[in-house]
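**Student:** What follows is each chain in one-letter form.
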Amino acid sequence: MATGQNELFKDKFPTEAKAVRRIFVVGVITLGIGAIMGVLQVLHRTDKLRIISSGDYYTYLTIHGVNMVIFWAILAILGTFTWAVPRSLDRSLGNPKFTCGWIRLGLIGIILAEIAMFAGFIKGDVPILGNMQADVLYTFYAPLKAHPIFYIGLALYVIASWLAGFDYFTALWDWKKDNPDERIPLQTFIAVTTMMFWQLASLGIAIEVLFFLLPWSLGIIPQVDPLLTRTLFWMTGHPIVYFWLMPAYLAWYTVLPKLSGGRLFSDPLARVVFILFLLLSSPVGFHHQYMDPGVPNGFKYVVMSNTMFLLLPSLLTAFTAVASMEHGARQRGGTGRLGWLKALPWEKPQFSAMAFAGLFFAAGGFSGMVNAALNLNYLVHNTLWVPGHFHLTVGSAVTLTMMGLIYWLFPQLTGKDLSLKGLAMVQPYLWFIGMTFMSNAMHRAGLAGVPRRTAEPTYRLFDFHAVLGNMSEIRWQLAIGGVFLFISAFAFIAVLVASVFAGSRIDAAQHDFTIPEPLSGPEDGPLILDNLKLWGAIAVVLVLLAYGVPLMSWVTDGPLQPGAIPVRP
Amino acid sequence: MDIHKYEKIWLAVALVFIVGLVATVTYGALGPGIKMVSDNGGTISPANVTQSERFSAQGRGVHKVGPNHYEVNVLARQFLFMPGTTQPITVPTDSKITFYYTSADVIHGFEIVGTNVNTMVIPGQVGKMTTRFEEPGEYGIICNEYCGSGHHTMEGKLNVVPKSEFNASEV
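Listed in order, the protein sequences are those of chains A and B. Each residue of the first sequence is one higher than the one before, starting from 0 at the first, in numbering that gives the first Met the number 0. Each residue of the second sequence is one higher than the one before, starting from 0 at the first, in numbering that gives the first Met the number 0.
Just so you know, the hints here were simulated from the structure itself, not pulled from any lab data. Where hints are given, some of them may not hold.
Not everything, but these chain B residues come out facing chain A in the computed CB check (under 10 Å) [stated by the list, open to error]:
{"id": "1", "residue": "Gly41"}
{"id": "2", "residue": "Gln57"}
{"id": "3", "residue": "Pro161"}
In silico DSS-like links for lysine-lysine, alpha-carbon gap of 27 Å or less [stated by the list, open to error]:
{"id": "4", "chain 1": "A", "residue 1": "Lys341", "chain 2": "A", "residue 2": "Lys9"}
{"id": "5", "chain 1": "A", "residue 1": "Lys532", "chain 2": "A", "residue 2": "Lys176"}
{"id": "6", "chain 1": "A", "residue 1": "Lys341", "chain 2": "B", "residue 2": "Lys162"}
{"id": "7", "chain 1": "A", "residue 1": "Lys257", "chain 2": "B", "residue 2": "Lys7"}
{"id": "8", "chain 1": "A", "residue 1": "Lys420", "chain 2": "A", "residue 2": "Lys257"}
{"id": "9", "chain 1": "B", "residue 1": "Lys95", "chain 2": "A", "residue 2": "Lys257"}
{"id": "10", "chain 1": "A", "residue 1": "Lys11", "chain 2": "A", "residue 2": "Lys175"}
{"id": "11", "chain 1": "A", "residue 1": "Lys9", "chain 2": "A", "residue 2": "Lys347"}
{"id": "12", "chain 1": "A", "residue 1": "Lys9", "chain 2": "A", "residue 2": "Lys122"}
Label-pair distances were calculated between CB atoms; the ranges are [as the list claims (entries may be wrong)]:
{"id": "13", "chain 1": "A", "residue 1": "Val24", "chain 2": "B", "residue 2": "Tyr26", "range": "50 to 56 Å"}
{"id": "14", "chain 1": "B", "residue 1": "Asp1", "chain 2": "A", "residue 2": "Trp172", "range": "28 to 34 Å"}
{"id": "15", "chain 1": "A", "residue 1": "Gly93", "chain 2": "B", "residue 2": "Gly30", "range": "57 to 63 Å"}
{"id": "16", "chain 1": "A", "residue 1": "Ala361", "chain 2": "B", "residue 2": "Ala56", "range": "30 to 36 Å"}
Each residue gets a CB set at the ideal place from its N, CA and C atoms; glycine is no exception.
Please construct the entire structure, taking both the sequences and the accompanying hints into account.
**Tutor:** Quick look at the structure:
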């Protein structure tokens, strides 16, 4: 296998290890910022402990959303891939200056966007820069306007992610020249297909920001078409959620089987899953616009069907993950129809975090099917059901998996063992308890019609009526769940900080960080699976089919028409 | 490609499940005829909405357009529904009610709490949504898309009165 059994990643690839450490350090800081904002919101919104004002709530919400899903989740992807690509190709990325360059560029982008978002707490104008704020949430729908440095920061950050993709592509390219007849290693296959669909999908947000929002926020163009910019946003905005999921999938396919004590079930089917993501995840963004006037029903229907077929790779992944865990458990002596579950290493946070993540993902998948069903969505659109759904998926399936993966990678990246092992052991359990409370309460509140993205739990003119349970108990569960999640996030950060400063050196000879070969290897799959040019080309065609006609019709009637002037939040 | 027997079964079940989901949505649209928001409301210039026939002071509100058909024109703006917030919208039961709505400034939401009336209000686009209320009662209207620092104060009220008590001369 790639990394020698007794050689740590940090010793074999010191430059890449440094890059991964930097990315994860920034990522974990943004996770911490997001967690603080999250707990303040949940306490405010549930009327339990009010520290912030309702008018400021949206500043906190913007900082929470942008840090969690745009910074933490994407940094988790880049950190994971910057480890997985050199590890699985068994060669360096090749150009340390380039790698260092995109990391710096991304960091500059993050800092600029953070400045604009935190400026939301300043009332009134700032000298020279004017009204500094970005209280526009992570969806920044025009015509709500943020300060230009918010858009510039996000643009730099997205460009950095593209450069990261090129870093992986060129590594694969160079490797192919030296190994023309070999199958692409699975981890690199996952990283490259993921970055391919990200590059394709993020064109939407890049066009939105560079051609519309940035010039508009600078006053160069007077107005933008809210429906067009919103559509460009969602062209990226839904594929981005699959993008967020991919490092979790990489961990479930390649690390989780090992942690369970076994091997991956099937390498070829894993490749099929990632090809399906490459093909289908981009042309589905319209499903966030089921309720938008101005979008024809025909497009909504086609996108609904695509979205449903995207369940297929996720259902296949569920099978593989469970099958690989069962195989591992049986290798460890587990028996019985469900008795094997007891043989899994539940005391190891690396494993328990990923296993809980999988459970949450299954639950989140089911609530997602309701969102995806065009007509059922009328019941839950823009209610708390929706954040209930994505706190299970990106908020737990991805975040918990990344926590487990970072625990597992820590010794390989630093040469040190984890400290505070007891705290690390209970940390995923705290998340499990917190998310169980919070997500069930959010889903039920959504069924009662309680909106998302709103500072106040009650209204003056009417009361909400819970379909299941009662409103006061739902609010309590939300508050309790949020507090548990906050404690869990900071337990994770405490373990990492303590390990960095006080972790004991590990003896590499005592550890085995290799990843075992799958039960059914890549040689069992047809060669066409590795034809990334073909799959990439089909993905481009599918995007053109899904977006070509509506975008053309809105652009040809005047790209800035019907236009809306900027409005301060 | 070698696929394990159990995995083949799983794959088949998953496909049937997916096709079933698509079929239920299709049936909902074609069978019971669930009306969905589409592009048939047309577009409008956000700067001039109050000069338009539908969203001017005279145009806003409830209008009888057929024997048992009413149109309700609602303009949303930071942080009001007009009508809805300062005076309630009143409609009869068992009648066809078509809402037309747009925004004078930013994107808003229009949700009648506890019903299927739940839609986006986008500046530049006129939304059109048809529904029918079977039960008389008072319903809350909320903006469910973030629209600025006063978003949580944006609410309104819909009164559904029995058809026999509804006085068409009011509208």
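**Student:** Run every hint past the structure and note whether it holds.
**Tutor:** Okay, the hints, checked on the actual structure:
1. Gly41: holds, 9 Å
2. Gln57: Since chain A brings no Cβ nearer than about 22 Å to B:Gln57, farther than 10 Å, the hint is violated.
3. Pro161: violated, 20 Å
4. A:Lys341 / A:Lys9: violated, 34 Å
5. A:Lys532 / A:Lys176: Cα-Cα ~16 Å, so holds.
6. A:Lys341 / B:Lys162: Violated. A:Lys341 to B:Lys162 sits at ~63 Å, over the 27 Å cutoff.
7. A:Lys257 / B:Lys7: holds, 24 Å
8. A:Lys420 / A:Lys257: Distance ~20 Å between A:Lys420 and A:Lys257 Cα, so the pair holds.
9. B:Lys95 / A:Lys257: violated, 61 Å
10. A:Lys11 / A:Lys175: Roughly 21 Å separates the two Cα atoms, so the pair holds.
11. A:Lys9 / A:Lys347: holds, 23 Å
12. A:Lys9 / A:Lys122: Status violated; Cα separation ~47 Å.
13. A:Val24 / B:Tyr26: 50 to 56 Å: Check passed, 52 Å falls within 50 to 56 Å.
14. B:Asp1 / A:Trp172: 28 to 34 Å: Given a distance of about 30 Å, which is inside 28 to 34 Å, the answer is holds.
15. A:Gly93 / B:Gly30: 57 to 63 Å: holds, 59 Å
16. A:Ala361 / B:Ala56: 30 to 36 Å: The hint (30 to 36 Å, Cβ to Cβ) is violated, given that A:Ala361 and B:Ala56 are roughly 53 Å apart.
Consistency note: the structure conflicts with the earlier hints numbered 2, 3, 4, 6, 9, 12 and 16.
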